[in-house]
Amino acid sequence: MSDAPLPVNLRQMLHKHDRREISDAELEHAYEATITRIVNEQESAGIDLLTDGQIRWDDLLTPITRQLDGAKPGGLLRYFDNNVYYRHPVIQGPIRWRGPATVDDYRTAAGATRRPVKAVLPGPITYAVLAEDRAYKNFEMLARAVSEALHQEALALQEAGAPLIQIDEPALGGQPARLALARACMETIARGLKTKVGIATYFKPVQEIWTGLRAFPVQVWQVDVADRPAQLDMVLNAPPDGEVVFGCMDARNTRLEERDTLARTLERATDRLGADRVWASPNAGLEFLPHATAQKKMARLAEAVGAVNGRTAGTAAR
Amino acid sequence: MKLLQTTSVGSFPKPDYLVSARNLYAKSQLSREELGELEKKATREVIALQERLGLDILVDGEMERGDMTAFFAEQLEGMGISGLVRSYGNRYYRKPIVVGPIRRVKPMTVPMYQFAQSLTEKPVKGMLTGPYTMTDWSFNEHYPSRRDTILAFAQVIREEAEDLQRAGARYIQIDEPALSTRPDELPVAIEAMHIVTDGLKAKTISHMCYGDFDTIYPGLLELPVQQLDLEAANNDFALIELIRKHPFTKEIALGVVDSHDHRIETKDEVVAGIHRALEVLRPEQVWIDPDCGLKTRSWQEAERKLAVIVEAANQVREELSKKPKPAKAR
Chain A
1 MSDAPLPVNL RQMLHKHDRR EISDAELEHA YEATITRIVN EQESAGIDLL
51 TDGQIRWDDL LTPITRQLDG AKPGGLLRYF DNNVYYRHPV IQGPIRWRGP
101 ATVDDYRTAA GATRRPVKAV LPGPITYAVL AEDRAYKNFE MLARAVSEAL
151 HQEALALQEA GAPLIQIDEP ALGGQPARLA LARACMETIA RGLKTKVGIA
201 TYFKPVQEIW TGLRAFPVQV WQVDVADRPA QLDMVLNAPP DGEVVFGCMD
251 ARNTRLEERD TLARTLERAT DRLGADRVWA SPNAGLEFLP HATAQKKMAR
301 LAEAVGAVNG RTAGTAAR
Chain B
319 MKLLQTTSVG SFPKPDYLVS ARNLYAKSQL SREELGELEK KATREVIALQ
369 ERLGLDILVD GEMERGDMTA FFAEQLEGMG ISGLVRSYGN RYYRKPIVVG
419 PIRRVKPMTV PMYQFAQSLT EKPVKGMLTG PYTMTDWSFN EHYPSRRDTI
469 LAFAQVIREE AEDLQRAGAR YIQIDEPALS TRPDELPVAI EAMHIVTDGL
519 KAKTISHMCY GDFDTIYPGL LELPVQQLDL EAANNDFALI ELIRKHPFTK
569 EIALGVVDSH DHRIETKDEV VAGIHRALEV LRPEQVWIDP DCGLKTRSWQ
619 EAERKLAVIV EAANQVREEL SKKPKPAKAR
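Sequence order for the protein chains is A and B. Position 41, counted from 1, in the first sequence is what our numbering calls 41; the numbers after and before it change by one each time, with no gaps. Position 323, counted from 1, in the second sequence is what our numbering calls 641; the numbers after and before it change by one each time, with no gaps.
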């Protein structure tokens, strides 16, 4: 996920909105101003490939859930091995895409910078794993239906100019038996798209599924090498045919990585893959960190890339 | 031995006056002593409520605790508290950070345990957060690995458990709600719990919730505590089917009402839940309680949920007493 931690003033505005002290329009203005601020912060930190910060996202799934017929946000559950929560989607009927969920914020972010901004969507396997399925009562049918909806969303993001659509599949590492289904779902999402599609894995180890995962019909793979350092060798020994985003900065711990440690990881990657196929990134969304820590980490990441003398494609926000 | 003893998991809702007082204290508009008096007042009310309802094993309600990890982090050497981290939506909390070697400076939970126990003849549980959860819910800037961090927490929690036992605690509960999040780490969580509980005379209990038990059961039964306190109501007693497949070898405190739902379960629902549990568990190994701490409920909701538990347990206990005992095999 590319959630950036919410800055203080937006949190205050949200509280004021809850107390009806500000209007919907004023809150909307605050959202847009915050997206612009987050984009500017990423630019200042030296990040090359930006995100809109997913400022409006309470969790990975809910923005999409709200735009689907047949699904509604349910109760709060603990989100993987994080002491944070998400609203689990409750599937009540056939899934149908009602309209774009993420395009407006994408446009706001892209309009605030000349640098490329990537779009992020939840993956269908993760969506189905985290959902409560009262309608299909069949994992594969639900995942395929969600993929069709995500395909529509991806088309809308492509139309808005997104150069990369990143599909987040944090649950995939724990679902080796569903790798073939995950691949079929990815084919559905990417069907006919001209823009790049990427898959991002994190939280769970992917060694067991790497052979299949590296053959997915995508152009960009994101892998956690910070919390799971063995996955660096896994990628370097058997790289996919495309670009790799190395999640070398731990987005779930406040300890600030050493610049040289990061640089050594990136040097190994560029030596093996060539500079134009290597990106440096946090290993998960930054929402798990305090805002100030997240800023320091992104600046450090940019320093590390600088230390490799620009021999990478660049730094990517998550 | 009384069958189907009733208890609660740990936290109770804080009365409004205490919530206001905590806010004033945070703004330095109230002294620690003044806040402490109100915490004691609330604890008296928690104990009185449990006695009135007829619960068997009591808790102090954790009136002096905010978050179950930060409460300990604020008192341990080597720990700090981070800036705000999002919990959900626009809700944030301050997450503990391990910044140096973890050391216990003084007993952390003993004074409130002693105060609560002084108010009642019934046993009050000593309540701790386990080493695995302390690690999983803290940032770590000091120890080289998660294992090192977990084992360091285990040492200080052991010291606290010994002090609770010395202060008279007959029941010590070490909560591990994070335990199921990384099934591959269950062995180190078990190793750490050995450090905490080996040789203690008090009955040891561990509570866990909102996890995927399928991934750690039956390995979970290796956790060195005598009783596991597990949620059942919130997932429609799916736990019972797990136990049907692999027998439960410890005592269990079974969560029979959903702690995170405003709706008050009926007595019949709770009785039906207990009956389901008794299909796979012996009455001698079962205690009855809510799924989790009650701090997110209103005072009235907490009271009504606990009242239903006591009524349902009483009914099933009476049913059991009328059942003919099986004849002893010759």
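If you are wondering where the hints come from, they were derived from the structure by calculation, not from laboratory data. Do not rely on the hints blindly, as some may be mistaken.
As the list claims (entries may be wrong) - Under the rule of at most 27 Å between Cα atoms (straight-line distance), these lysine-lysine pairs were calculated in the DSSO-like manner:
| id | chain 1 | residue 1 | chain 2 | residue 2 |
| --- | --- | --- | --- | --- |
| 1 | A | 72 | A | 16 |
| 2 | B | 358 | B | 345 |
| 3 | B | 613 | A | 16 |
| 4 | A | 16 | B | 440 |
| 5 | B | 358 | B | 521 |
| 6 | B | 640 | A | 137 |
| 7 | B | 641 | B | 568 |
| 8 | B | 320 | B | 358 |
| 9 | B | 440 | B | 563 |
Notebook entry, point to check: Among all the numbered hints in the text so far, which are the ones the structure does not match?
Noted result: 4, 6, 8, 9
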